Amino acid sequence: MAKELLKMDHITKTFPGVKALDNVNLSVEEGEIHALVGENGAGKSTLMNVLSGIYPYGTYEGDIIYNGEVCKFQTIKDSESKGIVIIHQELALVPQMSIGENMFLGNERGKKNAINWNETYGEADKYLKMVGLSESSRVLIKDIGTGKQQLVEIAKALAKHAKLLILDEPTSSLNETDSRALLDLMLEFKKQGMTMIIISHKLNEVVYVADKITVVRDGSTVETLDCHTMEISEDRIIRGMVGREITNRFPKREAIEKGDINMEVKDWTVYHPLYTERKVVDNVSLNVRKGEVVGIYGLMGAGRTELAMSIFGKSYGSTITGKLLINGKETDLKNPRAAIDAKLAYVTEDRKGNGLILSNTIKVNTSLANMDGVSDKGIIDADKEYQVAVEYKQKLETKTPSVEQNVGNLSGGNQQKVLLAKWMFTDPDILILDEPTRGIDVGAKYEIYCIINDLVRAGKSVIMISSELPEVLGMSDRIYIMNEGKFVGELNAEEASQELIMQSILQSGKG
Amino acid sequence: MANESVMKVLKKNAMLIVLVLVFIFFTVMTSGQMFEAMQFNALITQNAYVFVLAAGMLMCMLTGGNIDLSCGSFVCFLGAIGGILMNVKQMNPGVSIVVMLIIGVIYGCALGYLIAYVNIPPWIATLAGYLAFRGWGTALLSANSSTGSISLAAQKGFLAIFSGKIFSTPPGKLNVICVVVGIIACVIVVVTQFMSRANKVKKGYEVDSMGALVIRCVLACAAIMLFAYKLAMAGGIPTVLLWVVAIVLIYDFITSRTTMGRYFYTIGGNSEATRLSGVDTRKIMFLAYLNMAVLTAITTYIVAARFQAANSTAGTYYEMDAIAACVVGGVSAYGGAGNIFGMVVGATLIGVINLGMSLMGVDANWQKVVKGVVLLAAVVFDILADKKNSTK
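Line by line, the protein sequences are chains A and B.
Sequential numbering of the first sequence, starting at 260, is according to my numbering.
Sequential numbering of the second sequence, starting at 259, is according to my numbering.
Since the hints were derived computationally from the structure, they do not count as laboratory data.
Hints should not be assumed to be uniformly reliable.
Below 30 Å or equal to it, Euclidean Cα-Cα: the simulated DSS-like pairs (lysine-lysine) are [stated by the list, open to error]:
id: 1; chain 1: A; residue 1: 658; chain 2: B; residue 2: 458
id: 2; chain 1: B; residue 1: 347; chain 2: A; residue 2: 643
id: 3; chain 1: A; residue 1: 658; chain 2: B; residue 2: 460
id: 4; chain 1: B; residue 1: 541; chain 2: A; residue 2: 654
id: 5; chain 1: A; residue 1: 611; chain 2: B; residue 2: 460
id: 6; chain 1: A; residue 1: 658; chain 2: B; residue 2: 541
Quantities reported herein were computed from a predicted structural model and do not represent experimental measurements.
With the hints as extra help, turn the sequences into a complete structure.
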């Protein structure tokens with residue numbers, strides 16, 4: 260049996276109010292490729308952040324034993340000096356700098372403060388060759404494709420003399436060919452004795468490269484599968500990932516008579532705002548009826564938010580093609596204002612980034628999207644504005660002493676309620692809720708679900724985007740499954756199951 | 259508990275208290291000279307430009323800490339145009355004023371377009387204006403006058419509107435109109451304060467205690483009457499005070515009561531969230547700079563009238579004074595927070611410091627040092643106070 264290189268022993272990591280990791284054990288042998296799989300938010304990334312010192316020693320419980328010794332990493336530098344190097348999902352490269360400059364960023368070649376450029380580029384070229392890149396290290400990052408950028412990240416890791424390489428979703432932004440090349444490169448490294456941990460949603464890739472697979476669910480390790488001693492199928496992994504019972508986490512909704520189709524999108528294609536050649540949403544068609552909750556399920560990066568924002572007054576994307584019909588009439592929504600006037604609402608997933616104004620009060624946030632509702636000829640009716648805010652505070656049971664409180668002081672669940680209040684006050688017919696329960700606790704989630712039920716009961720249409728399978732299954736009348744910009748399946752609530760949904764995603768990935 | 263509420267009041271009015279303390283300090287240091295009637299008059303006439311420009315700068319800063327560096331130079335340029343029109347071309351002052359305003363609007367539209375629709379960073383776009391208009395204005399003046407300065411002393415009507423006095427009386431003699439206006443102002447303040455409170459009580463909103471309201475009214479009336487008396491002894495109400503008061507009231511209304519004003523704040527707080535709420539954020543940015551240019555034109559009238567001439571040095575450092583007034587008055591350098599009242603206190607504070615130091619005979623260079631320190635201290639205080647609040 261090979262030597263155990265890394266042992267993470269009973270790791271527990273608590274964030275305020277949430278136990279992100281609960282007694283996690285992970286054992287990695289020297290020279291193997293170890294895959295870490297699990298749903299979004301299961302705790303994979305948190306575990307790797309603990310390992311790499313992003314969460315320093317002392318902020319978690321349990322031990323990290325690497326190479327036989329207990330490690331107490333304070334910073335990333337500490338873990339990197341031991342040869343543990345993490346490559347994050349988002350590429351961390353400076354586009355305007357050359358490959359060589361990026362590779363040795365923070366780790367410059369030369370004496371003291373003087374950079375030795377010959378050494379930099381010479382060394383860089385050497386590592387680039389190891390990852391199979393023929394580009395000169397003097398080429399700027401922005402001039403090479405994402406696939407090659409990912410390889411530069413790996414070369415950068417090699418330059419740090421990595422012994423244990425952690426790749427977090429390394430193929431999420433790569434196309435099929437580049438992904439395969441990357442996986443083959445990993446197998447090549449393995450032959451040379453490198454140890455690797457790969458985090459991936461793409462189970463076909465996991466099965467292709469991994470020696471062992473550890474399944475993480477709800478912050479705990481469920482099982483470790485050995486790919487050499489048993490036959491591992493993707494179904495087997497899925498069972499481990501989602502093998503959780505759905506108890507009564509969702510409020511019941513009595514059968515509601517479904518009305519006419521409220522909104523329909525046909526052959527909708529959206530191109531990336533910067534890389535205008537790239538399709539982010541590819542030929543998608545969907546419809547939603549009055550009184551219906553339609554779920555859109557997909558993994559992160561599937562293009563769900565981009566789809567929603569492009570429908571909502573073209574607030575995302577460069578070129579958008581396709582038809583949008585509201586109440587059967589073809590409509591062209593040029594900007595968010597037009598979308599709001601067409602009775603559409605988009606409740607963002609990123610409530611701090613583009614949803615709320617944290618430095619302003621609940622009152623100001625509530626009325627922002629419908630100032631006409633609290634003003635006359637452009638002059639604000641202060642009383643009315645206050646009353647509206649109080650009304651929604653009571654309706655949604657937002658917990659706050661006063662509507663004059665700044666939104667930044669509220670908890671995530673209450674912030675979400677203010678965001679919902681803002682859009683409910685625009686009196687929409689169609690609400691697109693993007694990850695409506697992200698980052699909020701179970702109790703608040705239940706309340707949000709109740710609000711959704713109230714909305715459809717009132718005859719509104721709800722499109723709920725979510726990457727939480729139980730939520731999609733528990734709340735939707737109908738589910739669209741999205742993967743890599745395309746809709747790859749449509750299921751009714753009765754026939755839908757976790758396994759079926761995961762399978763349609765995986766099958767589409769293969770094709 | 260009582261201690262805490264006192265602290266709250268102190269913190270809320272920190273700059274106002276600093277203003278009073280600084281005023282007392284200079285009164286003592288100048289052996290009472292600061293407290294003379296003429297100095298109250300000077301405080302207004304010398305600093306009117308700060309109030310007007312700072313109102314515009316406030317609107318720009320609200321949108322996200324954006325500034326206009328070009329306004330001082332534009333005052334010089336537009337002053338030169340005015341001088342040429344009125345003095346060299348002998349154009350009617352009324353028409354000249356309109357032409358100057360139109361030129362201001364054209365500049366504002368161009369600047370607003372570049373910033374809002376072409377996405378040029380405001381400080382770069384206005385830095386270009388800062389350089390160009392100072393040069394252009396100076397060039398125009400030297401081409402039309404051997405001294406580099408065009409006199410406007412003959413334009414009696416123009417001077418009367420922007421730098422005269424209302425029902426002027428000789429200094430040292432009490433101007434009755436001025437006192438009456440002061441009394442009317444006091445009555446308006448007291449009545450609106452009490453009516454607003456009664457209204458809030460009726461609707462069951464949170465209100466300050468009656469005692470606090472009475473104290474506030476007494477202090478406000480005392481300040482108004484002191485000012486009115488001093489101005490009455492200095493010959494009457496300067497017309498420029500009316501301009502300043504009108505602008506302050508208009509912008510107070512815009513920022514606190516209109517939907518458009520609200521959008522300036524929300525863009526500064528979170529531009530993307532505001533855009534996705536259906537607000538045309540580019541239009542608001544455009545309006546911020548158009549508005550700034552219009553107020554710069556008004557400033558030009560005031561300044562040209564005060565100096566009775568168009569000079570190549572007119573407007574020097576004005577942009578800095580306006581920014582400083584806003585920042586000292588609690589307008590956030592990152593946008594989204596600040597109000598007219600704070601700006602007025604900030605502008606007055608800077609005016610008092612300027613005047614006090616001049617009376618003390620402090621060297622002009624050291625005056626700049628002091629102003630720099632005050633500016634920095636105000637921002638540091640703001641950020642520290644904010645931090646304390648957010649950790650609670």
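Status of the hints after comparison with the structure:
1. A:658 x B:458: Given pair residue 658 of chain A, residue 458 of chain B holds - Cα atoms ~23 Å apart, limit 30 Å.
2. B:347 x A:643: violated, 55 Å
3. A:658 x B:460: Judged against 30 Å, a Cα distance of about 25 Å means the pair holds.
4. B:541 x A:654: violated, 34 Å
5. A:611 x B:460: violated, 36 Å
6. A:658 x B:541: violated, 36 Å
The earlier numbered hints that this structure contradicts are 2, 4, 5, 6.
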